Amino acid sequence: MANTDRDDIQAALAGDDDAFARIVERYEPQVAKLMWRFSRDRTTCEELMQDVFVEAYLSLETYRGRAPFLHWLRRIGTRVGYRFWKRQQRQRRHVPLSDADLPAAPAAPSDPAAAGRVLEVLLSQLKPPERLVLTLQYLEQCSVKEIARRTGWTAGMVKMRAYRARKKLRRIARTGRLLERYEWTS
Amino acid sequence: MDELEAIEALARQARLEEPSVGSVRSRVMSHLRPPRTVRVGPLSLFAAASALAASIVLAVGMWLWLTGSDPMAELCAPVQVGLLW
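As given, the protein sequences belong to chains C and F, one line each in that order.
For the first sequence, my numbering gives the first residue as 1, with consecutive numbering after it.
For the second sequence, my numbering gives the first residue as 187, with consecutive numbering after it.
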């Protein structure tokens with residue numbers, strides 16, 4: 001753990017709010033990037049980021065400093081995002097992927113935002129646990145061990161969910177004729 | 187190309203995306219900081235004075251209602267005529 005982090009955490013625990021503000025400022029870009037995987041809506045993403053930092057503040061005492069602070073924050077972020085997906089799933093009924101769901105193929109073949117939108121539509125067809133595993137694998141480049149660490153699931157469970165999710169995703173992509181629509185991905 | 191390879195290609199591109207979100211620092215800090223204590227001195231003084239005035243008006247009103255004569259009854263009562271001489 002960096003000295004600045006350690007000092008700021010200790011100061012925040014002692015009641016120095018400015019120290020925690022510095023922590024927020026330092027890790028905002030990384031947390032934003034992670035929470036963007038859970039919601040591409042700007043307002044929702046900012047709310048999720050806020051939830052992550054508030055939760056981090058409230059459980060700051062439990063941070064032991066064995067792993068980098070960012071890893072700890074990412075674990076909280078994953079939990080907050082997963083909870084958000086589960087809440088979202090309870091509120092809406094499952095809508096099968098239709099032609100209208102997939103965004104039009106972007107003009108530029110290397111448009112990350114367009115690729116992100118397509119991927120979000122595809123992954124949103126999965127159940128939250130499967131979606132989480134593939135999101136962490138594809139977008140956060142997490143290993144099975146890392147996913148297990150972040151989610152609290154066993155490595156075996158992560159592998160099984162990833163296998164099932166990929167199988168489902170292939171079927172969804174086939175139904176949505178992904179390859180014909182997005183030739184630029186090749 | 188297989189569908190999953192296409193999805194992996196999409197993911198490679200999507201990883202480069204920069205999220206378009208603003209700073210949440212001030213929102214987080216305002217959420218965590220306890221709200222400022224509002225000075226309630228003048229307000230509570232005014233509330234107490236109002237309550238006292240209302241109680242006095244109520245008490246006087248009740249007393250008048252219970253002890254005073256009914257103006258309608260007085261209107262309908264026969265006029266007492268008495269000889270003065």
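Everything labelled a hint here was simulated from the structure, so no lab data went into it.
If you're wondering where the values come from, they're calculated on a predicted model, not measured in any experiment.
Even for Gly, the Cβ is constructed at its ideal location relative to N, Cα and C.
Among the hints, erroneous ones may be present.
Derived CB-CB ranges, DEER-like [what the hints assert, rightly or not]:
1) F:L202 to C:A155: 54 to 64 Å
2) F:D188 to C:S143: 34 to 44 Å
3) F:D188 to C:R83: 29 to 39 Å
4) F:F232 to C:H71: 32 to 42 Å
5) C:R64 to F:S230: 17 to 27 Å
6) F:E194 to C:L13: 41 to 51 Å
With the C-beta cut set under 10 Å, the calculated list includes, among others, these residues of chain F facing chain C [what the hints assert, rightly or not]:
7) A200
8) V207
9) G254
10) D256
Only part of the chain C face toward chain F is listed, based on derived beta-carbon distances under 7 Å [to be verified]:
11) L13
12) D41
13) C45
14) A173
### Task
Quick one: which hint numbers does this structure break? Sort them smallest to largest.
Those not satisfied are hints 1, 2, 4, 5, 9, 10, 11, 12.
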